[in-house]
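Colleague: Residue strings, one per chain:
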Amino acid sequence: MATFQDQSGDRPGAGSAPRGAAHKPSNSSSQPLLDVRAVSKAFPGVQALTNVSCSILPGEVHALVGQNGAGKSTLVKCITGVHPPDTGEIDFSGNRIDAFSPKHAADAGIAVVHQRMPLLPELSVAENVHLGRLPTRAGFLDRGAANRRTRELLGRFKLDVDPEAPVGSLTVSERQEVAIARALFRAAQLLVLDEPTAALDAAQSQRLFAVVENLRRENVAVLYVSHYLEEIFALADRITVLRDGRLVRTTRTSDTNETEIVTLMAGHRPSVGADVERSSLPAPDVRGAASVRLDGVSTDVLRDVSLSIDAGEVVGITGVIGAGGHEIARVLFGLTTPETGSLTLGDAPYRPHGPRDALKKGVCLVPEDPAREGMVPEMSVAANISMVDLPRFERRGFLSLRRERTTARDYVNQLGIATASVDTLVRNLSGGNQQKVLLARALAANARVLLLEEPTQGVDINAKREIHRIIRNLATEGKAAIVISTDVQDLLEFADRVIALRRGRVARDVPAADTSFAEILDVTVGADVGTAA
Amino acid sequence: MSVDPETQVSATSGALGSPAAAESEVGPRRRRTWTSITIGGLDLYSLWPIVVMILIIIITSLRASNYLSVSNLENVISQIAPLGIVTMGQAILLISGGIDLSVGYNASFASIVTGLLLEHHHPLGLDILAGVAAATLVGFVNGVLAAQNRAHPFIITLGMSIFLFGLDTQMTGGAPVNDMGGLYTTFGGTFWGGIPTVAIPLVVVVIITYVFLRWSRLGRQAYAIGGNEEATYLAGIRVKRTKIYLYTLMGLIVGVAGMVLAGQINEASFNLGQNYELESIATAVIGGTALFGGRGGALRSLQGVALYGVVQNAISFAGLSSNYQQMALGVIIVIAVMVARASR
Numbered sequence: 001m002a003t004f005q006d007q008s009g010d011r012p013g014a015g016s017a018p019r020g021a022a023h024k025p026s027n028s029s030s031q032p033l034l035d036v037r038a039v040s041k042a043f044p045g046v047q048a049l050t051n052v053s054c055s056i057l058p059g060e061v062h063a064l065v066g067q068n069g070a071g072k073s074t075l076v077k078c079i080t081g082v083h084p085p086d087t088g089e090i091d092f093s094g095n096r097i098d099a100f101s102p103k104h105a106a107d108a109g110i111a112v113v114h115q116r117m118p119l120l121p122e123l124s125v126a127e128n129v130h131l132g133r134l135p136t137r138a139g140f141l142d143r144g145a146a147n148r149r150t151r152e153l154l155g156r157f158k159l160d161v162d163p164e165a166p167v168g169s170l171t172v173s174e175r176q177e178v179a180i181a182r183a184l185f186r187a188a189q190l191l192v193l194d195e196p197t198a199a200l201d202a203a204q205s206q207r208l209f210a211v212v213e214n215l216r217r218e219n220v221a222v223l224y225v226s227h228y229l230e231e232i233f234a235l236a237d238r239i240t241v242l243r244d245g246r247l248v249r250t251t252r253t254s255d256t257n258e259t260e261i262v263t264l265m266a267g268h269r270p271s272v273g274a275d276v277e278r279s280s281l282p283a284p285d286v287r288g289a290a291s292v293r294l295d296g297v298s299t300d301v302l303r304d305v306s307l308s309i310d311a312g313e314v315v316g317i318t319g320v321i322g323a324g325g326h327e328i329a330r331v332l333f334g335l336t337t338p339e340t341g342s343l344t345l346g347d348a349p350y351r352p353h354g355p356r357d358a359l360k361k362g363v364c365l366v367p368e369d370p371a372r373e374g375m376v377p378e379m380s381v382a383a384n385i386s387m388v389d390l391p392r393f394e395r396r397g398f399l400s401l402r403r404e405r406t407t408a409r410d411y412v413n414q415l416g417i418a419t420a421s422v423d424t425l426v427r428n429l430s431g432g433n434q435q436k437v438l439l440a441r442a443l444a445a446n447a448r449v450l451l452l453e454e455p456t457q458g459v460d461i462n463a464k465r466e467i468h469r470i471i472r473n474l475a476t477e478g479k480a481a482i483v484i485s486t487d488v489q490d491l492l493e494f495a496d497r498v499i500a501l502r503r504g505r506v507a508r509d510v511p512a513a514d515t516s517f518a519e520i521l522d523v524t525v526g527a528d529v530g531t532a533a
Numbered sequence: 001m002s003v004d005p006e007t008q009v010s011a012t013s014g015a016l017g018s019p020a021a022a023e024s025e026v027g028p029r030r031r032r033t034w035t036s037i038t039i040g041g042l043d044l045y046s047l048w049p050i051v052v053m054i055l056i057i058i059i060t061s062l063r064a065s066n067y068l069s070v071s072n073l074e075n076v077i078s079q080i081a082p083l084g085i086v087t088m089g090q091a092i093l094l095i096s097g098g099i100d101l102s103v104g105y106n107a108s109f110a111s112i113v114t115g116l117l118l119e120h121h122h123p124l125g126l127d128i129l130a131g132v133a134a135a136t137l138v139g140f141v142n143g144v145l146a147a148q149n150r151a152h153p154f155i156i157t158l159g160m161s162i163f164l165f166g167l168d169t170q171m172t173g174g175a176p177v178n179d180m181g182g183l184y185t186t187f188g189g190t191f192w193g194g195i196p197t198v199a200i201p202l203v204v205v206v207i208i209t210y211v212f213l214r215w216s217r218l219g220r221q222a223y224a225i226g227g228n229e230e231a232t233y234l235a236g237i238r239v240k241r242t243k244i245y246l247y248t249l250m251g252l253i254v255g256v257a258g259m260v261l262a263g264q265i266n267e268a269s270f271n272l273g274q275n276y277e278l279e280s281i282a283t284a285v286i287g288g289t290a291l292f293g294g295r296g297g298a299l300r301s302l303q304g305v306a307l308y309g310v311v312q313n314a315i316s317f318a319g320l321s322s323n324y325q326q327m328a329l330g331v332i333i334v335i336a337v338m339v340a341r342a343s344r
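Chains as they are written, first to last, in our numbering: chain A, 1 to 533; chain B, 1 to 344.
Simulated from the structure, these hints should not be mistaken for laboratory data.
C-beta atoms are modelled at their ideal positions from N, C-alpha and C, and glycine is treated no differently.
Hints may contain errors.
[Said to hold, decoys possible] To spell it out: a stretch of chain B is covered by chain A in this simulated footprint if at least three of its residues, at any positions, have a beta carbon under 8 Å from a beta carbon of chain A; those stretches are:
| # | stretch |
| --- | --- |
| 1 | 227 to 233 |
| 2 | 236 to 246 |
[Said to hold, decoys possible] So the derived label-pair ranges between C-beta atoms look like this:
| # | chain 1 | residue 1 | chain 2 | residue 2 | range |
| --- | --- | --- | --- | --- | --- |
| 3 | A | A99 | B | S321 | 49 to 59 Å |
| 4 | B | V51 | A | N462 | 38 to 48 Å |
| 5 | B | K240 | A | P44 | 38 to 48 Å |
| 6 | A | V46 | B | V76 | 56 to 66 Å |
| 7 | A | A418 | B | L73 | 44 to 54 Å |
| 8 | B | K240 | A | D389 | 14 to 24 Å |
| 9 | B | F163 | A | V46 | 48 to 58 Å |
All chains should be modelled from the sequences, with the hints used to inform the complete structure.
Modeller: As structure tokens, then:
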């Protein structure tokens, strides 16, 4: 709030004022910049945050870590005004936040830098930085002044971008810097960096770390959300660990180490589906029938990945977002052609030309985002199940709706899909049931190899348990199930084997019984990569 | 019954509605609002064009004694027949997330091809075949271009429309071909057992469209593509090929409409199908077909055509100029889209 008036444009050269005057007095002040007290937030069916407190000091780099679903993004959304907390209080710069909206947060001086910043590619860097507050002279835009001011701002934070370049011509990391500059121009005192290195290569990441150091020097606080602990240990002053929507601990980085943080993140979560028995070994003749192999496969994302999955096996592939799990699914489903390496399905070389070809050869993808990639929401349950193999329901050139519904009803019963009827539109179903409709479609496709992306994401615990059971049953029937998930705990509970990826490489390939949550977490997010057995 | 949007239509149509249709609107999370009130399984909101139509008929009949007559009904049917045919094709494309703005000049194109061949005394059957084939070819080209996903079909078919306007004018030299021979004797105000003959191709096209959307693989794929193209592709459906088929089918339907139009007024000219592009989109949307794909049906869209015809007819009965028809149509389109939005 204190610096808000700086932005009216009446002050000549905002950057020339004594630095720091616009910001909170000093780093040593014990008064926290942001003070979150006992915040709870629930969504239908999920308690996302329970009684979480944490504080961020002025000029501090504060890391927020936790497993998927630990509540990191919900906490960020509470702080940045996207979700008002159900209970609890948030103070910023000594003022109570009582109106929650992204605009209020931005006006107060809290800015988020997402991976996908809403920048306007056709406009210049300076125009993007000044957007909505472009300086004018006699009623006309004063581009010269905008460029000059932007150059000063960029210089102050050692951001290396040309103010006059169109944003569309910049690299991902340069765009990120423009987004940071825009936030700083709006006098942000707290920058939230949400997985800032996910889309960056090593050199770009280094550049970002330098920017973060400069922010610290300029007394701007940073809330740094990342999966990568090595980054966090290199940058952060303090670390807050969340688990299952609760605060585990906030600690000074100098007082802890990676092993301890991994242990805190892992905790001891109650088992979801202890009743899922890993099937007895499938009949020997089934084994190998649908085995899938990748040999030295590389793509934009993957680096020399070799792995094999047998019929009757449930294999979990995990890793942080961008580590390559989904890329493996894309390769197997014919959506990405490997640059090098080869695929084998059964005994024959496998080169899928696209989804249709992959399906014909018995490989079916159950995509991660049912709403975007899976469902046709305006069609019925039956039509969504049958669409993968419509010719099967044709009689003399016409669709037999009766056959279609009968088949759909079988699957609805078999998988326990909760729906009023098979004619119900899929958009009226809950998330877990939509997932099951997709599973039913995979069954209808009669696939031998199932690629399941995040099959239990966003579903409640009962649906989760049932989906585990269904996948295990499919494996027992001789199918190969490949489950790509960021939920490690989940995979450990029902997969036979877990393959952990890190930055496109297989970091570990181990039977689920012989590993632990902490170990997998360590190889996917920890620093010691080379030690994988 | 599996594709729900069509189910609502079968309920509204009375004659074609089956008892089973009623149950299909059951949705666990459907909120009770005025738009979801059903009476005896009939969904009130999707019936609104018919309700409005009946109101207009009642009001007009009170003011004009000769309004409710067989000859006036025949009048209305003759007026809407060619548009109704085009609307069926447009509905299929809209459901698939596509659109065709070239239908007007494509219908003209078909009539001109047939008309010019007739002038040279070729046999009628062959001429009709050539005209329809020409329009089908245009549809095929539209489909091939639209399937590339390089440009929105709106632009592609707009370009095609402008191209065809030039071609039509060039072929006729701007002057209409004035003798459609056998086509005129078939469709030019002719009746079979009291029914205007133009109603026959309309009914046939409506039935084919209804069956196509409900019981054919391609029709189902049209709903799927319009509802979620990405998901449809990932489900192994050949999206490009399906689009080409659908646009080609549209061309075929437009060719038929061109024949009916030319026969009705006994001429082939570049402006024969003028405005059909926008009118067919408007009537399909008024009837309840979604402008951006995924929902709609043959009988629903026919509802829109019927309302459009009745409004036109009532306004001319009231002695008002055709300018008022345009104004009324504009109002109805906006209401239709808002009602559709409210029901979501």
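Colleague: Work down the list of hints and note, for each, if the structure agrees.
Modeller: Against the structure, the hints come out as follows:
1. Interface restraint, the stretch 227 to 233 of chain B with chain A: holds (6 residues with C-beta to C-beta distance below 8 Å; minimum three).
2. For the stretch 236 to 246 of chain B, the stated coverage by chain A holds: 3 residues have a C-beta nearer than 8 Å to a C-beta of that chain, and at least 3 were required.
3. The hint said 49 to 59 Å for the Cβ distance between A99 (chain A) and S321 (chain B), and at roughly 55 Å that hint holds.
4. A hinted range of 38 to 48 Å for the beta carbons of V51 (chain B) and N462 (chain A) is consistent with their spacing of about 45 Å.
5. Look at K240 (chain B) against P44 (chain A): about 40 Å separates their beta carbons, and that is inside 38 to 48 Å.
6. Taking the beta carbon of each, V46 (chain A) and V76 (chain B) are about 57 Å apart, inside 56 to 66 Å as hinted.
7. Under the hint 44 to 54 Å, the C-beta atoms of A418 (chain A) and L73 (chain B), about 49 Å apart, fit the expected range.
8. Separation of K240 (chain B) from D389 (chain A) is about 19 Å and conforms to the stated range, judged on CB atoms against 14 to 24 Å.
9. Between F163 (chain B) and V46 (chain A) the Cβ separation comes to about 56 Å, which falls inside the hinted range of 48 to 58 Å.
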